[in-house]
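Q: For reference, the chains in residue letters:
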Amino acid sequence: MIDFTLNGIPTRLDVADGTPLLWAIREQAALTGTKFGCGIGACGACTVHLDGVAVRSCVTPVESVAGRSVTTIEGLAPAGGLHPVQEAWIEDQVPQCGYCQSGVIMAVAALLEQDPAPSDEVLEATITNICRCGTYERIRGAIRSLAETTEP
Amino acid sequence: MADDDRSVEETGRPAGDDDGAETEGKRGPLGKWTRRAFIGTGALAGGGLVLGVGGVVFAPNRMRIGPESEGGTGQLTTWIKITPDNDVIVSIPHCEMGQGALTGIAMMMAEELEADWSLVRIEESPPEDHFANGYIVRAFVDETGFSVPGWFQRAFDYASYKAMDVAGMQVTGGSTSTRGTGQYGLRVAGAAAKEMLLQAAAATFDAPLSELTARDSRITHGPSGRSATFGELATLAATMKVPNDPVMKPRDQYRLVGTSQNRHDIPSKVAGAAQYGIDVTLPDMLYAAIAASPVPGGQLSEVDEAPATSMAGVHEVVRLTEAVAVVADGYWQASQALAALTPRFTDDGRGTANTESIYAAHVAALDEKGPGQPSRDAAKTVSVEYRVPYLAHATMEPMSATARIANGRCEVWAGTQDPLNARRTAARAADLDVSDVVMHNQQLGGGFGRRLPFTFDYIEQAVHVAKSVSPRPVKLIWSREEDMQHDYYRPFVVARLRTDLDAEGRPLSWASRFTGSRLADGGAARPPYEIDDIDVSAAAPPVHLRTGSWRSVQYSQHGFFVESFIDELAHEAGRDPVEYRAALLSHEPRHLAALQRAADMADWGGPLAEGRGRGIAIVEAFGTIVAEVAEVSVEADNSIRVHRFDAAVDCGLVVNPQQALAQIQGGITFGLSAALYHEITVRNGAVEQRSFPDYPMIQLSNAPRVNVEFIASDAAIGGLGEPGVPPVAPAVANAVFALTGQRLRTLPLRLA
Ligand code: FES
Ligand code: FES
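Chains as they are written, first to last, in our numbering: chain H, 1 to 152; chain B, 1 to 752.
Any given hint could be a false lead.
[Unchecked claim] Which chain B residues stay away from chain H? Per the calculated CB distances, all over 12 Å, these:
| id | residue |
| --- | --- |
| 1 | Ile-122 |
| 2 | Ala-207 |
| 3 | Ser-210 |
| 4 | Pro-223 |
| 5 | Gly-370 |
| 6 | Arg-498 |
| 7 | Pro-528 |
| 8 | Asp-535 |
| 9 | His-571 |
| 10 | Ala-573 |
| 11 | Asp-576 |
| 12 | Ala-582 |
| 13 | Ala-583 |
| 14 | Gly-741 |
| 15 | Ala-752 |
[As the list claims (entries may be wrong)] Partner residues aside, some chain B positions facing chain H, computed with beta carbon under 7 Å:
| id | residue |
| --- | --- |
| 16 | Met-97 |
| 17 | Val-247 |
| 18 | Ala-427 |
| 19 | Gly-445 |
| 20 | Ser-691 |
| 21 | Gln-699 |
| 22 | Ser-701 |
| 23 | Val-706 |
These aren't lab readings, by the way, just hints derived from the structure by calculation.
Glycine included, each C-beta is placed from N, C-alpha and C at the ideal position.
Sequences are here, hints too, so could you generate the full structure?
A: Have a look at this one:
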């Protein structure tokens, strides 16, 4: 049994310790926007926010989030709304198959929260998600346009 | 060509075979089908017009579906509805892999219809049940209230036929007939609907057709200034005769096609709401993890179930012929329990194969074939060998399928590139009649050729597992490792290329001997260059890993051979690689233009930063010509880094430029991961690679900048999903040669 806050809602899930947060979110909480890509922390498809920081939920044991706050793609913006990163993703038509994009969006949103105009070095070191469709050019472009709009 | 014929007959009847010239059609209960679009119309219950559009499609050869299969018969797959509210709703079978197929198709329809694009809605797919094969008729009757003539019903049953083909055209590439059919089906329907609306307007305004203009979902009578919306005219239009030969717009009158439009599927993808196969959730559903024989062809011989069955949440250990699966309350429990098992598999006598022995077998097959005859007056003969490895697709979404067997019926939920064939696979596995199987197709987290016919092992497995937990539904999810090790790989190929050069270094002949199939690969193996004597032939090697279509199929291997070799010849001749190619392409003006454009974009011959080299390659695939220039450097650890790609693309018509661009950029990235990193190797009969760490992908940090330009061309519409891939590896290899003098003839590219 684990108690935590999921997308702003106090949540109790009946999951065994050791279960990765990914599967608790997808199966117990029935939020399937967070994706499974590798299960070993290598692709970023499962990225969520843990107390505002991007983490890979497939390698985050569920007991480690007890009492903490988890945000998934479904909770990134208030219901019915879009986060600026999601808006930029539509504006720049970033996704192809889209499977990796929940994770990419979560990783980018967390980064821009910390560093609204990241340098190339920071960007490349932080956004290490794999996109098999190869949308990197547009990911970069969308981040750049977001960074511009936040600059003073 | 025949594909571009079109024929539309009156409501209630398919186009018949009236020219007698086509013999490939299949005679069935509906008469003989030909390669034509056919349209059925009806009135919407609350008023309005509906057209059902079908096309007879010959599946691309590479999918190995002959015209005798159902793939060669007619389907009403797509719908245009014009409502009294003046909405245009296009329903297209849902099979979106990320190329924007549905949006592109709808744009082509709207162009011919003269619809206001802002009033066009795409129905991603009818909701699951509507789309389910066999139910499509009922679903549409329920939804629209129009009655379906008896003969239609069979045709409707094909409705889930792959959107790859419906979508066809440039979005997914494929054979000419695929693109032809995909392209003209909906265009004809749009044009037909427009003519029916015009007839309705003529009757309403009592005016001759010649005085009426359709534009932006409205028909205007010029002399009187009267006008009516499509919606106002739709109900009357539904009673009009379907034109036999609707007039299509010439390309220079296009207003919508050729402009960048947003894809309709993107909002749900950025919201995390899009449902992929792996996301399917049903009441009472169980989860399964699976481990199949590591050696292809192996069978499960023994497994002690106890370690798994004693674990919490585990329901069952299921023994399949070639695999063992564990069913549990959750996927994590299932996968942990699976990991606790130590199943034994037979190896079908293939347990000793390794990459070296596979290579040796390919070489032996080529040796047996022997070289081509040298030309008598050759000044010099060049003869080299290339080699490319097996490659995995590694779609982001691992293979997954959900199945339920209950009450003598089987339902399957999965993302496939061909729901129709997936359904047949499921029927066989369930031992049921196809009519008792329902396939609910889902979004695909990448396809690239992995989710095509004959590669539906994951669906077969899900059905078998569902049998043992019937009537509960079960979702089977492959681990990344299972996915990497049980793919239908891009074939391993060894190729020997040989040419005789005259005194000026011009090729007198070109011989390519490669392992594979001449039938399948021969076209790709032929160089586009002006050479008198071209001789390509294949030797069939013994097969080890199972193989399948991989983005751009045989062009990805042969593009590397041909474009590396021509570069070697340029070097032999002491000529610039662009100039050398250009001299051999005077008979191919589209190639020449693309070559030149890419060279200009990259400032070919212009100054380069210290430590950088450029290479070029040009390949035509699926009707599209792509020339690419790569700019590379060699890093301190001797790895190759690609900084920039410039690509010039002639795909005939560009439907949605922003998507065309995305497809080429994506193709280049896909090709680059393969060129630099990817290699599936075999040890003791099994695949060695397991996951992304040993099958690494290009990421943001090493993704090159990619510039793409499209060359205006009036050529037939070509593919875009695949043709960006083939020039990548040779362009990079050629750049590495220019920079280092090392000619790399084996993929992935690794410097000595
Ligand atoms: S699924 Fe978590 S990093 Fe790949
Ligand atoms: S959009 Fe398909 S994997 Fe990224």
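Q: Confirm or reject each hint.
A: How the hints compare with the structure:
no.: 1; hint: Ile-122; result: holds (15 Å)
no.: 2; hint: Ala-207; result: holds (42 Å)
no.: 3; hint: Ser-210; result: holds (41 Å)
no.: 4; hint: Pro-223; result: holds (43 Å)
no.: 5; hint: Gly-370; result: holds (41 Å)
no.: 6; hint: Arg-498; result: holds (35 Å)
no.: 7; hint: Pro-528; result: holds (26 Å)
no.: 8; hint: Asp-535; result: holds (36 Å)
no.: 9; hint: His-571; result: holds (31 Å)
no.: 10; hint: Ala-573; result: holds (35 Å)
no.: 11; hint: Asp-576; result: holds (29 Å)
no.: 12; hint: Ala-582; result: holds (29 Å)
no.: 13; hint: Ala-583; result: holds (34 Å)
no.: 14; hint: Gly-741; result: holds (30 Å)
no.: 15; hint: Ala-752; result: holds (28 Å)
no.: 16; hint: Met-97; result: holds (6 Å)
no.: 17; hint: Val-247; result: violated (33 Å)
no.: 18; hint: Ala-427; result: violated (27 Å)
no.: 19; hint: Gly-445; result: holds (3 Å)
no.: 20; hint: Ser-691; result: holds (5 Å)
no.: 21; hint: Gln-699; result: holds (6 Å)
no.: 22; hint: Ser-701; result: holds (4 Å)
no.: 23; hint: Val-706; result: holds (6 Å)
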